[in-house]
Structures are given as structure tokens and as C-alpha cells.
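*Asks:* These are the residues of each chain, in order.
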Amino acid sequence: MDGVHDMGGMHGFGKVEPEANEPVFHSDWERRLHALYRAMSFTGVWTIDQARFARERLPPDVYLASSYYKKWELGLEKQLAEFGLAGPDELAAGRALRPGKPLKRKLTAAEVPNTVTRGSFARPAKAPARFTPGDRVRTKNIHPATHTRLPRYARGRVGVIEALRGCHVFPDSVAIGQGEDPQWLYTVRFEGRELWGANADASLQVSIEAFEPYLEPA
Amino acid sequence: MSEKDDHHRHRDEHGSELSEMQLRERALETVLTEKGYIDPSALDAIIEAYETKVGPHIGARVVAKAWTDPAFKRALLDDASNAVLGLGIVNRVGDHLIAVENSPKQHNMIVCTLCSCYPWEVLGLPPVWYKSAPYRSRAVNDPRGVLADFGVTLPADTNIRVWDSTAETRFIVLPMRPAGAEGWGEEKLASLVTRDSMIGTGFPKEPSEAA
Chain G
0 MDGVHDMGGM HGFGKVEPEA NEPVFHSDWE RRLHALYRAM SFTGVWTIDQ ARFARERLPP
60 DVYLASSYYK KWELGLEKQL AEFGLAGPDE LAAGRALRPG KPLKRKLTAA EVPNTVTRGS
120 FARPAKAPAR FTPGDRVRTK NIHPATHTRL PRYARGRVGV IEALRGCHVF PDSVAIGQGE
180 DPQWLYTVRF EGRELWGANA DASLQVSIEA FEPYLEPA
Chain E
0 MSEKDDHHRH RDEHGSELSE MQLRERALET VLTEKGYIDP SALDAIIEAY ETKVGPHIGA
60 RVVAKAWTDP AFKRALLDDA SNAVLGLGIV NRVGDHLIAV ENSPKQHNMI VCTLCSCYPW
120 EVLGLPPVWY KSAPYRSRAV NDPRGVLADF GVTLPADTNI RVWDSTAETR FIVLPMRPAG
180 AEGWGEEKLA SLVTRDSMIG TGFPKEPSEA A
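For the record, the sequence lines run as chains G and E.
Numbered per numbering that gives the first Met the number 0, the first sequence finishes at 217, counting up by one with no gaps.
Numbered per numbering that gives the first Met the number 0, the second sequence finishes at 210, counting up by one with no gaps.
Hints are computed from structural coordinates only; laboratory data are not their basis.
C-beta atoms are modelled at their ideal positions from N, C-alpha and C, and glycine is treated no differently.
Each hint should be verified, as a subset may be incorrect.
[Stated by the list, open to error] Beta-carbon label-pair distances, calculated as ranges:
id: 1; chain 1: G; residue 1: N198; chain 2: E; residue 2: S102; range: 22 to 32 Å
id: 2; chain 1: G; residue 1: F82; chain 2: E; residue 2: P206; range: 45 to 55 Å
id: 3; chain 1: E; residue 1: P206; chain 2: G; residue 2: A124; range: 39 to 49 Å
id: 4; chain 1: G; residue 1: A124; chain 2: E; residue 2: E205; range: 40 to 50 Å
[To be verified] Derived DSS-like pairs (lysine-lysine); straight-line CA-CA distance at most 25 Å:
id: 5; chain 1: G; residue 1: K105; chain 2: E; residue 2: K52
id: 6; chain 1: E; residue 1: K34; chain 2: G; residue 2: K100
id: 7; chain 1: E; residue 1: K130; chain 2: G; residue 2: K69
id: 8; chain 1: E; residue 1: K34; chain 2: G; residue 2: K69
id: 9; chain 1: G; residue 1: K14; chain 2: G; residue 2: K100
id: 10; chain 1: G; residue 1: K125; chain 2: G; residue 2: K100
id: 11; chain 1: E; residue 1: K204; chain 2: E; residue 2: K130
id: 12; chain 1: E; residue 1: K187; chain 2: E; residue 2: K52
id: 13; chain 1: E; residue 1: K72; chain 2: G; residue 2: K77
id: 14; chain 1: G; residue 1: K105; chain 2: E; residue 2: K34
id: 15; chain 1: G; residue 1: K69; chain 2: G; residue 2: K105
id: 16; chain 1: G; residue 1: K14; chain 2: E; residue 2: K130
id: 17; chain 1: E; residue 1: K187; chain 2: G; residue 2: K103
id: 18; chain 1: E; residue 1: K72; chain 2: E; residue 2: K34
id: 19; chain 1: E; residue 1: K104; chain 2: E; residue 2: K204
id: 20; chain 1: E; residue 1: K52; chain 2: E; residue 2: K130
id: 21; chain 1: E; residue 1: K204; chain 2: E; residue 2: K72
id: 22; chain 1: G; residue 1: K14; chain 2: E; residue 2: K204
id: 23; chain 1: E; residue 1: K130; chain 2: G; residue 2: K77
id: 24; chain 1: G; residue 1: K77; chain 2: G; residue 2: K105
id: 25; chain 1: G; residue 1: K103; chain 2: G; residue 2: K139
id: 26; chain 1: E; residue 1: K34; chain 2: E; residue 2: K204
id: 27; chain 1: G; residue 1: K139; chain 2: G; residue 2: K125
In isolation and in its complexed conformation, chain G is listed as follows (with noise of 0.2 Å):
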């Protein structure tokens, strides 16, 4: 979707203000979400994907102005409301007005270990790449309403391949229920120019993660 999120390019957010020796979290409440969050998402009701397009859904306004965790947070009442597992109604009682619905696991302490790692995205292909580095492309110019990995910045732009990094899942589908439908994965880079016009600076490479569906010969 054409959202907020999508943020590669534009303009008026201002400077990157680094801090000095930054904790890993800045309050006790955001140390507990991002926790709570993890021990959901391994309960395996949605996928990342399914998350991601959830926050990228919360109303622009409150996008912008809300922290970090806060997304987090919102996006992950929107999951609960949206597959059922706890209403709007039960997060402002603080308490469970209804039995839980029974999930697939629950994480203990012993499994965080094993938690603490990114889950696997490949999957085995349904047809061979249709693309080898060094192939030039043009992504394609699409505006899905529905949640894409392609950013607006780089849609009907001539790149080239880069790389193959194998099949994966892929996220315009899962991310609206409709499967995994994995698909290949390449790096695809463009010179600065191509993206932002001829006064950009000449020594800019970008590359994006690009799958195949993104993709046409150029």
C-alpha cells in the first residue's frame, strides 16, 4: 500500500539525531512489549508480514507520531482484534472477559534460546529464476492497496541484478492470507540517478530485495 511507511525519498523529516550510548530500550513498558510481542508472533497465528501490514495500516497520523513501540504496540491490538484472540473491549478492562482461544504454542522460558533468531524464509521453487545477474530489469509499476515489499521510489525503474538469494516466501501474498506462494528473491541495484534525476549524486549505488513478481525484462 502507498502508505507513510513507505518513507524512501521524501522529504521534511529533518536531520538523524544519533544518541550517545542509547540503551537497548527506554522504558520498562518497552522492554515488556517488544517481549510480548515476540512471545506472540511465536504462537504462530500471523506471520511477520501479517504484522508488518498491520502497522503499516494504523491511521498515517498516528503513524508518524507515535515512537517506535507504540507502532508496536497499536499494530499488535489491531492482530489480537483482527484474528480474534482479544477485543478492544478486554485490552481497556484489563482483564479477559472471554476464555483465550486455544493456539498452536505458547512460549516458555526454556525455548527463547531457540526464539532469539530470525525464522527461515526459503522455500523450495515452483520453476527455475527467470533472471541471472547481470540481467538488466525494469521493476514493475504497481500500486497494490495490500501490503508490498516493492518501495514506491523504486517501481518502473531499470536496474540490474546483482544477486540470486534463493526462493522465499512471499509477502504480497501471506501478508493478505493467501499463502505462502513463494517466489525468488534477487538483488536488484540502480544507479542514483536512474531513482532521483540527473542531479543526484553520480557515486550512488541503491539495491533493493526484489521478488521476481516486482520484475519485467529490460
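Knowing the structure of chain G, use the given hints to seat chain E on it.
*Replies:* Structure of chain E alone, referenced to chain G:
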């Protein structure tokens, strides 16, 4: 109920005001525990892992090893997930970790313009600035301006390559080894490797800055 009344309702026994987010998190945690979805002791273990076990010290060890061991460096650039796992400093590494090497000709910088993708198994959780709108928006079209915000200036004849982490691949920058640290062992070299140098928004410390 007015906003003011709402604030007054939520004072704990010490009279201190709880923030909206503290209250929301508490409510969420209570509801999910009562429904049997989460085990609070697992949350404690997750917090401990992210605050004490995972962090940029892991990436620093990886970089220092690559600086001293050419075979390891080749393995790292070929398949970083496998190479890092082989070091034995972490039990697991996610798939598709990719190391990109800085050189006098090319400086690499990592961003996630769409959300906050970051190689946390080697760097820990990302800093706030990495997840912020200024970094996500400008890294891809004004990386030299972003570097200036960090007080970093690249030579004009160094090309800059920005890697937008738009899928489940993750990137770590292998910075250039600073001069003046010849003969240093891995552990001492690791003390020069900053988090930002592995994201591409900084350089390693100079040997004279080492603790």
C-alpha cells in the same frame, strides 16, 4: 470522562502518574496472560536475552576475525550466516545474513526504508535513529547528508552503495581495518569496531582511541 480525569484515575500507590503506554502495555500483558497465550517468565527470558546476550559485540567479533583471518573473510563474504555460526559465539544465526565489504572505492550503508529490518543476531536491536523517519527517508537519496549528521565525511572519490533491506535478507557492513593496529589480536581489534561502522554510518575507532 475528560482527559484530566483519566490522568487522575491512574496513579499508582506511590502517587506517581503512569503513562498511557505503561497502562496499555500492562493491560495487554494481563489480558494475554489470563487468556493463556503467554507465559510471563518467557517474557523475562526474552528481555534478558536482548539486554545482555545479543548486541553489537557479536558483530565486532565477526569483523575482527575477518580482519585477521583471510579464509574466514572469504567465507563471511560468501555466506555470512554459515560463517558466523561457525565461529561458535552464537548458537543460531538467521538465514541469508549478507556481509558487504567496504573498500577505498566503495562505502556501504544499510537501511530499511519500509520498516526496521536489521541484522539483530549480530548487532542486537536497532537504535532509535535507525528506525526513525529521517534515516529511513534520506538514506536512499542523500546518504552523504545522513553521514554528515553522524559527523562522517567520505572521500569524494569513494562511491556509496545503499542496501535497502526490503526482504528477509539482512546486511552487515565489513568496515575497513584502521591503519596503526598491525599485530593486534582479535579481541583488541574487536574493541575498535563500533555498531555504526557495521551499519555504514560510521568508521571503526582509530587505534589511538582504543580503551
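*Asks:* Which of the numbered hints above does this structure break?
*Replies:* As far as the earlier hints go, 9, 10, 13, 17, 18, 25 and 26 are violated by this structure, in ascending order.
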